[in-house]
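Residues per chain are reported as follows:
There are 2 protein chains.
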Amino acid sequence: MKTILWATLSANGNYAQSSPENPPKKEALEDFITHAKAAGNFIVGRKTFEGMLASGGGGEDFANLDIVVISRSNKEIPGATIVSSPQEALQFLNEKGHHTALLSGGADLHNSFLTENLVDEIVLNIAPVLEGKGLNLLINKSKYTFKPIELLNVKSLGNGVVHLHYKV
Amino acid sequence: MKTILWATLSANGNYAQSSPENPPKKEALEDFITHAKAAGNFIVGRKTFEGMLASGGGGEDFANLDIVVISRSNKEIPGATIVSSPQEALQFLNEKGHHTALLSGGADLHNSFLTENLVDEIVLNIAPVLEGKGLNLLINKSKYTFKPIELLNVKSLGNGVVHLHYKV
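Protein chains in written order, with the working numbering: chain A, 1 to 168; chain B, 1001 to 1168.
If you are wondering where the hints come from, they were derived from the structure by calculation, not from laboratory data. From a predicted model like this one, the values you see are computed outputs, not experimental measurements. Positions of the beta carbon are idealized from the N, C-alpha and C atoms, including for glycine. Hints should not be assumed to be uniformly reliable.
[Said to hold, decoys possible] Below, a list of computed lysine-lysine pairs in the DSS-like style, where the Cα atoms sit at most 30 Å apart:
hint	chain 1	residue 1	chain 2	residue 2
1	A	133	B	1096
2	A	133	B	1002
3	A	47	A	37
4	B	1026	A	141
5	A	155	B	1096
6	A	47	B	1141
7	B	1037	A	26
8	A	143	B	1143
9	B	1133	B	1026
10	B	1155	A	133
11	A	75	B	1147
12	A	47	B	1147
13	B	1141	A	133
14	B	1026	A	167
15	A	2	B	1133
16	B	1155	A	155
17	A	143	A	37
18	A	141	B	1143
19	B	1133	B	1147
20	B	1047	A	155
[To be verified] Computed, partial: chain A to chain B, Cβ under 7 Å:
hint	residue
21	9
22	13
23	107
24	132
25	138
26	139
27	143
28	148
29	151
30	153
31	154
32	156
33	157
34	166
[What the hints assert, rightly or not] Sample of chain A residues at the chain B side, in silico, Cβ under 10 Å:
hint	residue
35	11
36	17
37	73
38	77
39	119
40	147
Put together the whole structure using the sequences plus the hints.
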């Protein structure tokens, strides 16, 4: 089973955030649903999943999907399977016979999978917006490390959203 | 006169760095020279310019270009005009009759121009590499601000380098 990390970044490279005035891009959300349906599942952090439901996500889009929520509190969530770690999430989907696990966020969860080297492919949608303090480009100077990855595909999703697909 | 910010980011959205094992991408450097020749100039920080020269940049590529180095020390550099601020750099190029000023880096200089709202267009080359501590996606949560921008163009430069061009 391969694991695909799916995320949206701002044009200046930050993990995309949103606000009532700067809602998530429709094209990115549709791309997420497409990937989730193709995988038949997605892995998500508790807070991110609650945010998805609060903003009207779910219903038909989430029907027939194995939704795996990683949560420390272990509180039940209707329609989702609760696990406590990335490894447990992957094991659950693997045992259910999935060929792909789709990792939907948020940032902390994405970074846990990256740090633990659990990501096989990365899909990034780049939104046409500058975000963050000073609208700055961020540089991560501490403990410089790098890993070359392979660009599999680039395409425009419309309204300025660019879709990048990498093999790690 | 319009100001174009030119930069390379890693796939995970950080300002691209380099090392002997992870040198700057040839396709990105060639793209920079193309933009510099089209503008007839570039603005650069002192340390970044010294790095360019040390790694073999210059010669024919820099011939006939107005090179403006922003430096606090004011020390002379052969072939370059020294100024002390972004505004002074833009004023110099404007008075020389340029229609475009190309801003080449480094990160601090890019961010000064962004923060002071001096950037009209942004050209980003996305290198197929994950970089930084944990190879993480960065999120900038402090003082959330945003500015929508317009995607003008996206193209592949080869070897996995993706070229994004935005109007601010």
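Hint-by-hint comparison with the structure:
no.: 1; hint: A:133 x B:1096; verdict: 34 Å, violated
no.: 2; hint: A:133 x B:1002; verdict: 24 Å, holds
no.: 3; hint: A:47 x A:37; verdict: 21 Å, holds
no.: 4; hint: B:1026 x A:141; verdict: 22 Å, holds
no.: 5; hint: A:155 x B:1096; verdict: 39 Å, violated
no.: 6; hint: A:47 x B:1141; verdict: 16 Å, holds
no.: 7; hint: B:1037 x A:26; verdict: 38 Å, violated
no.: 8; hint: A:143 x B:1143; verdict: 26 Å, holds
no.: 9; hint: B:1133 x B:1026; verdict: 24 Å, holds
no.: 10; hint: B:1155 x A:133; verdict: 28 Å, holds
no.: 11; hint: A:75 x B:1147; verdict: 38 Å, violated
no.: 12; hint: A:47 x B:1147; verdict: 26 Å, holds
no.: 13; hint: B:1141 x A:133; verdict: 8 Å, holds
no.: 14; hint: B:1026 x A:167; verdict: 21 Å, holds
no.: 15; hint: A:2 x B:1133; verdict: 24 Å, holds
no.: 16; hint: B:1155 x A:155; verdict: 9 Å, holds
no.: 17; hint: A:143 x A:37; verdict: 38 Å, violated
no.: 18; hint: A:141 x B:1143; verdict: 22 Å, holds
no.: 19; hint: B:1133 x B:1147; verdict: 27 Å, holds
no.: 20; hint: B:1047 x A:155; verdict: 36 Å, violated
no.: 21; hint: 9; verdict: 5 Å, holds
no.: 22; hint: 13; verdict: 3 Å, holds
no.: 23; hint: 107; verdict: 5 Å, holds
no.: 24; hint: 132; verdict: 3 Å, holds
no.: 25; hint: 138; verdict: 5 Å, holds
no.: 26; hint: 139; verdict: 4 Å, holds
no.: 27; hint: 143; verdict: 5 Å, holds
no.: 28; hint: 148; verdict: 5 Å, holds
no.: 29; hint: 151; verdict: 4 Å, holds
no.: 30; hint: 153; verdict: 10 Å, violated
no.: 31; hint: 154; verdict: 5 Å, holds
no.: 32; hint: 156; verdict: 6 Å, holds
no.: 33; hint: 157; verdict: 10 Å, violated
no.: 34; hint: 166; verdict: 6 Å, holds
no.: 35; hint: 11; verdict: 6 Å, holds
no.: 36; hint: 17; verdict: 6 Å, holds
no.: 37; hint: 73; verdict: 22 Å, violated
no.: 38; hint: 77; verdict: 24 Å, violated
no.: 39; hint: 119; verdict: 9 Å, holds
no.: 40; hint: 147; verdict: 5 Å, holds
Figure legend: structure checked against the earlier numbered hints; hints not met, in rising order: 1, 5, 7, 11, 17, 20, 30, 33, 37 and 38.
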